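Based on the provided sequences and hints, a complete structural model is requested.
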Amino acid sequence: MIDLYQEELLDHYKNPRNFGTLSNPDIEFSDTNPLCGDEVKVTAKIINGKIQEIKFDSRGCAISVAAASKLSELLKNKSLSEIKKMDNKEVLELLGVPISPMRLKCALLSLRALQKGIYQNLGE
Amino acid sequence: MKQIKQLDIEKIRNDFPILSQKVNGKNLIYLDNSATSQKPQKVIDAITEYYKSYNSNVHRAIHSLGEKATLKFEEAHEKVAKFINAEKEEIIFTRNTTESLNLLAYSLGKNITSKDNVVITEMEHHSNIIPWQQLCKRTGAELRYIKIDKEGKLDLKNTPIDNNTKIVSIAHVSNVLGTINPVKEIANIAHKNKALFIVDGAQSVPHIKVDVKDIEVDFLAFSGHKMLGPTGIGVLYGKKEYLKKMNPVFFGGGMISNVTKEDAQWADIPNKFEAGTPNIEGAIALASAIEYLENLGMDSINSYVKDLTTYAMKKLLELNNITIYGPENGDRTALISFNLIGIHPHDVAQLLDKEGIAVRAGHMCAKPLMQVMDTQSVCRASFYFYNTKQEVDFLADSLKKVQGVFK
Ligand SMILES: Cc1ncc(COP(=O)(O)O)c(C=O)c1O
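Sequence lines, in order, name chains W and U.
The first sequence begins at 4 in my numbering and counts up by one.
The second sequence begins at 465 in my numbering and counts up by one.
Calculated from the structure, these hints are not laboratory results.
Quick caveat: nothing in here was measured; it's all calculated off a predicted structure.
Possibly wrong hints are sitting among the right ones.
Stated by the list, open to error - Only pairs whose alpha carbons sit at most 25 angstroms apart, straight line, appear in this in silico BS3-like list of lysine-lysine:
1. K831(U) / K108(W)
2. K818(U) / K108(W)
3. K469(U) / K853(U)
4. K48(W) / K73(W)
5. K92(W) / K818(U)
6. K17(W) / K871(U)
7. K818(U) / K17(W)
8. K864(U) / K17(W)
9. K81(W) / K108(W)
10. K79(W) / K119(W)
11. K704(U) / K648(U)
12. K871(U) / K73(W)
Below you can see the structure in the form of structure tokens.
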């Protein structure tokens, strides 16, 4: 049972990094995972086409919260064009634990929210 | 007092091939029966036999295979009718509970105006909410909810049912709370106000002897797959006096008595509601499932599952940091929804799966109820007559392990 959720993942779940919302963000987007009701709100500040600051207010299962937490660390200083190209593979690698097909939506919720936010807020 | 036959669970388990398999290296413990039940060999055989020896379309066939299929399909109507104490012509085969309720919302919707209201409850499955919500949007009628109290029972002292209520539609057993609702009492209130009374029997018909005359329903919807039958076959029972007056919803082959270029007349009930080639093997296999259930005896099933649920309730209540939803005892059956405090239901379900235990996690297709319960999602363990106390013990132990992981 234990090996499924490694210590590191659980740590991100219990102490999510960059948790909460930014004021006056350039990007703001909320999304839910209808399967289980996981919710995430992403807020980010952009300078020169790069993420300067990002926060996820994520509520849900360990997988979705840990994914948001780990992403928030990875995404700092990344360019929007890079982020738009990111896909499943990168998130799964980041999580580093086996994700069953049913949980894929949980794992991807935060990245998808950010990508939708970029599209909606910046029209890109 | 009537003697209730004891079930021989070990023998029964052998009838269900799926139960002997391993999942993630552990014995499968299937506790997701409210979502769908497993199927005994007898039901699987009924499907195979149909395809191996008499597959052909029903009605209008003047050949041996077609005659046999038609006969068996007709018999299935009869078998279902007897099972709920109805008449054969009052049984319409649909795909599932959801389709049965949609059929009603469309057909009965013809007579609903903006002055009317439709009454459901806060504990409904989405399939007994959205068809009525949409009907009310189409007609301007008002959708009203019977509230639930803290214990998870309906507040029948203050129902919103009044003279303008045209339809009252409620779940017999809640798929989240396990509450058995006092349908007879609600039938009484509905009928006093000249409203039609509809029962969603998806969670009750598999467990409790449901007699449509006794509980005084006008319509009853249920799904074959939750009572040992295959997916894709469901039932809508309707009182024939109503069915005869109602318009069909689907049009095409099999549901007419005459067609001209300009117009058509409908076949008798139930055929006028069963347009197109039906799920023949599904109906036949459902009849076989009912034979299996009757052979065990619905009273025996109900009594066994009630005991098991009471036992499970006791075991779960012994855990620390657990929230259990629904009445603690009394009028409830077959399922327990809960949350381990601080651990998301998805994580609980995933970790239990590692132990071979299948439970459901999520909003249970009852989002409005989740709101009332002030949660987003729950875990649900749901039982059938092939589950055992040992399985419940293992569930309880495994939940402790899950808590250990998140400590
Ligand atoms: C109370 C209740 N009503 C309706 C349904 C819908 O059944 P189906 O999906 O077979 O249409 C369910 C199934 O989960 C249920 O539990």
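Each hint tested on the structure:
no. : hint              : in the structure
1   : K831(U) / K108(W) : holds, 19 angstroms
2   : K818(U) / K108(W) : holds, 20 angstroms
3   : K469(U) / K853(U) : holds, 19 angstroms
4   : K48(W) / K73(W)   : holds, 18 angstroms
5   : K92(W) / K818(U)  : holds, 24 angstroms
6   : K17(W) / K871(U)  : holds, 10 angstroms
7   : K818(U) / K17(W)  : holds, 22 angstroms
8   : K864(U) / K17(W)  : holds, 19 angstroms
9   : K81(W) / K108(W)  : holds, 23 angstroms
10  : K79(W) / K119(W)  : holds, 18 angstroms
11  : K704(U) / K648(U) : holds, 20 angstroms
12  : K871(U) / K73(W)  : holds, 21 angstroms
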